[in-house]
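Participant: Whole structure, please, built from the sequences with the hints as guidance.
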Amino acid sequence: MSGMRGLVFSIALTHIRARMRQTLVGVMGVAIGVGFSVMMAALMEGSQNDFVAQLVDSLPHISVTDEQREPPRQPADIVYDAAEIHGLTTRVLRPGIKNPFAIMAALEGWLPGTLAPSVQWKAVIRFAGRDTAASVTGIDPRREMNVSKLPTQIRSGSLDNLFKASNAIILGDGLAKKIGARVGNSIVVTAGSGNTISATVVALSHSGVSQVDDTQSYVLIKTGQILAGQTGLVNELRVKVRDVMQAREVARRIEAETGYKSVSWQEAHEDLLSAFQVRNIIMYTVVSAILMVASFGTYNIISTITHEKTRDIAIMKSLGFASRVIRQIFVVESMMIGVLGLLLGWVLGVCMTWGMGFIEIKSPFMDSTHLPVLYAPAHYVIAGLVALSASVIAGYFPARKAASLQPVEIIRGAS
Amino acid sequence: MTGPLIEARGVTRILDGEVPTTLIAGVDMSVAPGEFLAITGPSGSGKSSLLYLLGLLDVPTSGEVIIAGHATSALDEDARARLRLETLGFVFQFHFLLPEFSALENVMLPMRALGRWPAERMQERAHEILASLGLAGHTHKRPDQMSGGQRQRVAIARALANDPLVVLADEPTGNLDTASTAQVIGILRDMIAGEAGKAVVVVTHDLGLAAQADRRINIIDGRVAVPDPSPVSDVTR
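First to last, the sequence lines map onto chains A and B. Residue numbers for the first sequence follow my numbering, so the first one is 3 and each next one is one higher. Residue numbers for the second sequence follow my numbering, so the first one is 13 and each next one is one higher.
Hints in this document: simulated from the structure, not taken from any laboratory. Every residue, glycine too, gets a C-beta built ideally from N, C-alpha and C. Keep in mind that a hint or two might mislead.
Not everything, but these chain A residues come out facing chain B in the computed CB check (under 8 Å) [claimed, not checked]:
hint	residue
1	M6
2	A20
3	M22
4	T312
5	R313
6	D314
7	I317
8	L407
9	P409
10	I413
11	R414
Here are the simulated distance ranges between beta carbons [to be verified]:
hint	chain 1	residue 1	chain 2	residue 2	range
12	A	T312	B	D156	13 to 21 Å
13	B	D156	A	L387	34 to 42 Å
14	B	L219	A	V27	49 to 57 Å
Facilitator: This is the structure:
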């Protein structure tokens, strides 16, 4: 059967070599389709990964807070089938995580990562007559480097400066800009609890995510507790896991063990991640459409060849070539165009992706300076498979028509 | 093979259409081993249609064509193609060579499709056949680089490639000059003379060619004309 395959291949090769210009047009059609598909996928997934990476890096992978998913059941509810409770007032003080250091010790026994305690509070920051709302996070600088990239994100100073002044504060650079504060300035921080302190700006931080840089500030954990008016308060454990994709499972286990609400970065940005899924579906639909359009070119070429080769098909069939062999000849021609286009398309894709990586952008949300691109083998394999399948389908229909041709009709007409 | 190489029993071919056209009506005939048979008749009489039916290029509306003892009416298209490849060789009025292939490649085409011999043997055999037809120096020429007579000889070489039992030729000299015609007839005759058990069926309106046949069947309006104008009895070489 290998002899027959060789025959099919040599006839197919002869056909497409005899129509170099048409073949080249078909090959270019597939190549452009594959090239643009690869480039689009590289851009879409590159920007998505870049965004997720910055998002993940700028926030804890898991945040364990002193909240619970369901409000605790009241004792009266537990004892009686029906109970109505009147006159309760909500506590002003935040409960905080009970025995935070015991919990941390227990978690550190199995956690595939590191964790650090913190105090989270909302506050109004005032400087030079300007007020702005901000998040104040009380941190332990020695542990902080284990759970976030904050130490590497400090500009104009260092994280250790928090120890160098009483009530020292690090402001996000966007936040500092909003109120016009600079390192060395003294600002007023009023917490939601009503406590007010005067703090000295000792450094600025820059995560690259505007949403964070415009609202975030850091103080020592003790300062945070003073602002909250609760000594010893820890209302958040921030966790960094070694494999960011494991965060959801780890968060689930922490919540099961501690009873405290434990939110992974995936859960916190569920809407964003599902938006990415929608975006990916759109992207692959567009990519498939591009390749389908390219396959119309192949269809045209194979149709033209089968039309031009009607007499040759008739003569091959009259010699005794089976319909299956005739079909194979034209499908192989189509595949040859597909494979050549695919190889050229891959090269084109790499070049265009590389070129795109040089384009400078200014994003309102991120501070990327160039279009982020991703070189993923999967993009090339998917584009290749779709292009090849489209080529085979594009070749199959004219090939089937050619194979169904009755030789006697052609021979009678030509004689 | 002692029985007929090809046998037609009550073969009828009617073309479908608003007005059905009868091309061949109830033809009974046979081709014996060693026979050079000419099918003659006026233009449009159905002689080519009969050849196509005998050569399994067309399927009878009714009746049966038997090739080397194999009834063919129940065979599907691919099985008919296989039988054609193994037992029959065709020569048409037009050479019908594949234009992008050389003479050698054209001759090797049916051999490669059949796959009976290894590649070296196929090439050797193609060279031998072409040389025997006086085309030794033209093996690598494409059809457009050869004369009409040379092309037709290449077409005959291709018909002989798989060592067929019967060569079916449809006006093989129709486009040739006198010298080439004589050459082609000589080649076809030699084929029968060279090997026992082979036959040649030629459709022609050339009375000169028909006169050289062992037997002649005259077709008029799709039927075998009676009486046979030049019956040759018991052709059993």
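Participant: Decide, hint by hint, whether the structure agrees.
Facilitator: Hint by hint, here is what the structure shows:
1. Evaluation of the M6 of chain A hint against chain B yields a held restraint, the C-beta minimum of about 6 Å falling below 8 Å.
2. Contact between A20 of chain A and chain B, as hinted, is supported at the beta carbon level, the nearest pair being about 5 Å apart and thus within 8 Å.
3. The closest approach between the C-beta of M22 of chain A and any C-beta of chain B is roughly 12 Å, which is over the 8 Å cut-off, so the hint fails.
4. Annotation: interface hint on T312 of chain A violated; nearest CB of chain B at approximately 12 Å, more than 8 Å.
5. Contact between R313 of chain A and chain B, as hinted, is supported at the beta carbon level, the nearest pair being about 7 Å apart and thus within 8 Å.
6. Restraint check, D314 of chain A versus chain B: the minimum CB separation of about 5 Å is within 8 Å; hint holds.
7. Hint on I317 of chain A holds. Least Cβ distance to chain B is approximately 4 Å, under the 8 Å limit.
8. Among the interface hints, the one on L407 of chain A is violated; its C-beta lies about 11 Å from the nearest C-beta in chain B, farther than the 8 Å criterion.
9. Interface hint status for P409 of chain A: upheld, as the beta-carbon distance to the closest one in chain B is roughly 6 Å, under 8 Å.
10. Checking I413 of chain A against chain B: minimum C-beta separation of about 6 Å stays under 8 Å; hint holds.
11. Checking R414 of chain A against chain B by beta carbon gives a least distance of about 7 Å; that is within 8 Å, so the hint holds.
12. Between T312 of chain A and D156 of chain B the C-beta distance comes to about 19 Å, which sits within the given range of 13 to 21 Å.
13. Against the hinted window of 34 to 42 Å, the Cβ-Cβ separation of D156 of chain B and L387 of chain A comes to about 41 Å, which satisfies the hint.
14. Remark: the range hint 49 to 57 Å for L219 of chain B to V27 of chain A is upheld by a beta-carbon distance near 53 Å.
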